[in-house]
Structure formats: C-alpha cells, structure tokens
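*Asks:* The listed protein sequences correspond, in order, to chains A and B. If you're matching positions, the first sequence starts at 5 in the working numbering and goes up one per residue. If you're matching positions, the second sequence starts at 12 in the working numbering and goes up one per residue.
It is possible that some hints are incorrect.
What the hints assert, rightly or not - Listed next, the stretches of chain A that the computed footprint assigns to chain B, with coverage defined by at least 3 CB atoms under 8 angstroms from CB atoms of chain B: (1) 99-107; (2) 183-190.
To be verified - Over the 12 angstroms line for every Cβ pair with chain B, so calculated as not near, a few chain A residues: (3) Gln10; (4) Gly33; (5) Leu153.
Because the hints were derived from the structure by calculation, they are not lab data. Backbone N, C-alpha and C define an ideal beta-carbon position, used for all residues, glycine too.
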Amino acid sequence: MMKIKQVLPSVVVIVLLITVWWVAVTATGSVIFPTPWQVVTGTLELIKDGTLWEHIGASLLRVGTGFSLAVILALPLGLWMGWVRGAFNTLNPIFQMLRPISPIAWIPIAILWFGVGNASPIYLIFISSVFPMIVQTTAGVHTIERRYLRAAENFGVSRYTLFTRIVIPAVLPQIVVGMRIGLGVAWLVVVAAEMIALRSGLGYLIIDSRNAGNRYDLVVAGMIIIGLIGLLLDGVTRLLEGLKSVRWRYAHED
Amino acid sequence: MRTKIEVKDIKKSFVSDGGLLRVVEEASLTVGDGEFVAIVGPSGCGKSTLLSIIAGFIRPDQGSVMIDGSEKNKPNSKGILISQQGSVFPWLTVQENLMFGLNGRARLEKMELADYYAAIVGLKGFEKSYPHELSGGMLKRVELARALVVKPEILYMDEPFSALDALMNLRMRNELLRILSEERHTVLLITHDVEEAIHMADRIMVLSPRPTKIQSTFEVTIPQPRKLTSPEVQELRIAILRELGVDRSD
C-alpha cells in the first residue's frame, strides 16, 4: 500500500506527459515526429526482428568492459593515492586536470588510437568513469576517522590486517558511491560514442534510424530504452548500498 | 608494589597561531602494577595529551615514559586506550570487533575468546550485531570487551564514560570494577568527574591548569564497594574540588 502511494505521483506525471505529447503531435499534424503509439509499434518491430537485443547487448558489453577496466585501475590507484601522501601530491593535479575534459573531446583521439572498432567506445567509457572513481576512493581514504586508525595502531596489527579490516571496509561506502557515479557516466558516454562510428549499439540505432529514412519513432524508442536501462543500472548499484558491509555508513540516514 | 608505569619530566608544547602553546609541563608520576590511578583536572588542561603521551600516541618534547622499566615509544596491545568518542569499528560486527586485536590465533579460538568477553560485559546475544544497531552504553561495552580480550596489562581510559547518561555512567563504572576484581589490570583513568575518580581509583592525582603538572595526590583508602553518599567520600570530594579551585561550602 505504501509502495503504491510512493509510485503513484510519478506514474500520474508520466501518463500526463505522454498525453500532452500525443495531443501536441496530433494537433500540429507533424508527419515526422512520432506519436507515443508509433514509438510502441516501432519498438515492437525492433523486438520482432531481433535487432533491439543486439543493440542493447552491444552497448552493455562495451559499458561492462570499459567500466570493469576502470574499476580495476581506479580502486587500487585511489587507495594508494589516499594512503601515500606523495602519490596523492604527484598524481592528483594531473587527474584534476584530465577530469573536466569531456569524454566527447576524447573521441577524435580515441578513433586515432583505436580505430572505429569496439576499442574506441570502451576506451571512452574507461576514461570517463575512471576519474570519478579514483577521486571518490581517494577521498574515502582521506576521510577515515583518526580514532579508528589509532585503535588499529593500538592493537599492533599487521599492515595486511590494517588494510583488509580497516582501510578497505572504511572506504567501501565511498567506493560504492564512486561506482554509481562512474557507471552513470559510462552509460551516458557509450551512447555518444556509438553515434560516431560502429554498426551496433543503442547510439548507433538512434543515428542510423534518423539517417535511414527519418524513422523518428525508432529514434525516440532508442532514447526511452536508454533511459530505462540507465534507471536499471542505477538500481543495481543502489542494491550495493544495501549490502551489510556498507550499510553502517548510511544507517543513520534512514 | 612493583612499578608498572614511570613517567619522568614530560614536557609537551604545540605550535599554534600566536606562538608556542605549552600543554604539559614537567609531569612526573608512577603507577604501580595492578593499581588504579585516576587523574583529574579542569577541562582543557592537557589531560588527554598527557595520556596520549603515556600511551605512546604522541611523542613528548622532553622526558620519558617507562613501562616495566623499559622505554616506550610506540603504542602496542600491552596497553589499550579507551577514549570518550569511542573507536568501535562500525563496519565490523561485535564479534569481529572483538576478534580484531587477536593476532596469530586460529579463527575458532578467536571466536571463542570474543564470545567469552562479549558475555563478560553483558553483550551475549549481540555478537552478530553491527555497532549502529547498539545503544551508546552497549558500544562502550564493546569497546571495553575489545580491550579486555587482548589481555592488556594496562588500560588507558580517557573520559571513557563521559558521553553516557548519568545512570549508564554509574552502571558502567560498576561493571568495570566487577571486571577488575576478576581480572588484574593496571588502570590509568583521565576524568573531569571527581566522583567517578573516587568511586574507582586507588589513588587520585590532581592536575593544574595548562601548562599542566601534577599538583597533588590523594590516596583513596576507602574499601570497595564504595558508597558514594558516605561521609568519607564526600569529605574527599570536597578536598579534591578545593584543590581544583572549586570552593564549596556544602
């Protein structure tokens, strides 16, 4: 019952938006911009010929690969930069300079280095999601409260225990936040990257639908699917926040 | 009584904006093996700094700290510090917290020891709980048990129960006294609460305002369990308060 009460307002707004959209398209008599129903039939068409799953699969594979590579690099690097002052002082200015460069700006270089295959978008996803995760992880180490490190020092534990039992668990909630941000950016970028080249992916679907006969119903269908998958991915990372090992951090908030 | 802790002519200053802030000035004291010594002093007099130096977390500018006759430079599990803010790791369960300091033992043995001490401080049934599921008083028990489980020779306590309400404070003191009657530890307690000091300590040292040094010492000869309302306790309390510069006519 509570759930329904929570979801109801946003359902109403969505229904309202779709209605306005429908009315606007019919009223203006647009021949290019699709009605919601045309988007539905367009989507069904894509499902029937099986291309929709191909596009989704291709996009997800690229995000999965690029994002995983970013995680593999960002977590150890972030921990190291957080723990070792010298590493932070050396690398942080460089990363702070690279971070604000839009992934889109990297596209020409990505094409130069990696061509127009899968490697280019994977590289773009990597470069866009690696920095937020490094920054979050580093900040996580820096914000470990002194009293915990002192207590660990007091018990005279080994460096290994200190890292596995104190540093990593203490930083984990921040790492999860970083991963959420990173994955969000990665999904944002994959679509942009796929618009440039390649022959698969949701970004390609959108550009190709426009180029091949102004199929705006498929353009909008592609956009909505991107949004829905983005929502789903965020939901998955939100599940991580519910894990027992990180809940202590959010516990006082609910 | 054998000497456990010997502090000789400790001096400590901190650099602050405006110059050098002298915090500890020539503090010397000894604590016997198994003795319970309380140090009371006005707020901000440098009590915590003094204890941090003795526990090995801060290096003094001058002077030395000897434990069992040898110089101490670094904190170790022979002496565990329990502070007011507490340092129970929130990402570990009660049991994992208690197991944390037990190095080089088999896992099963660690778990048994952890559960044994959890029971001693009255946390039976909460071994799998996370700290955020516990109350302030229970967190203090976890902290105490985590210290006890490594069998430290010395407990350094810095206002350990100040953050608790009056009733829980009193309860925790009684718990601590009960545990100390079963297990032998040397205790060095820092507090601003004179009654708390009289309740538990064998000897009470009064610190002067900053830069702090030991101003006077009181032996507490009243046998345990002490009745806080008894005339001897009140008399001692007034004497210590007077030493602290609080003159009370009642």
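*Asks:* If a hint holds in the structure, say so; if it doesn't, say that too.
*Replies:* Cross-check of the supplied hints:
no. : hint    : result
1   : 99-107  : violated (count 0)
2   : 183-190 : violated (count 0)
3   : Gln10   : 25 angstroms, holds
4   : Gly33   : 60 angstroms, holds
5   : Leu153  : 9 angstroms, violated
The earlier numbered hints that this structure contradicts are 1, 2 and 5.
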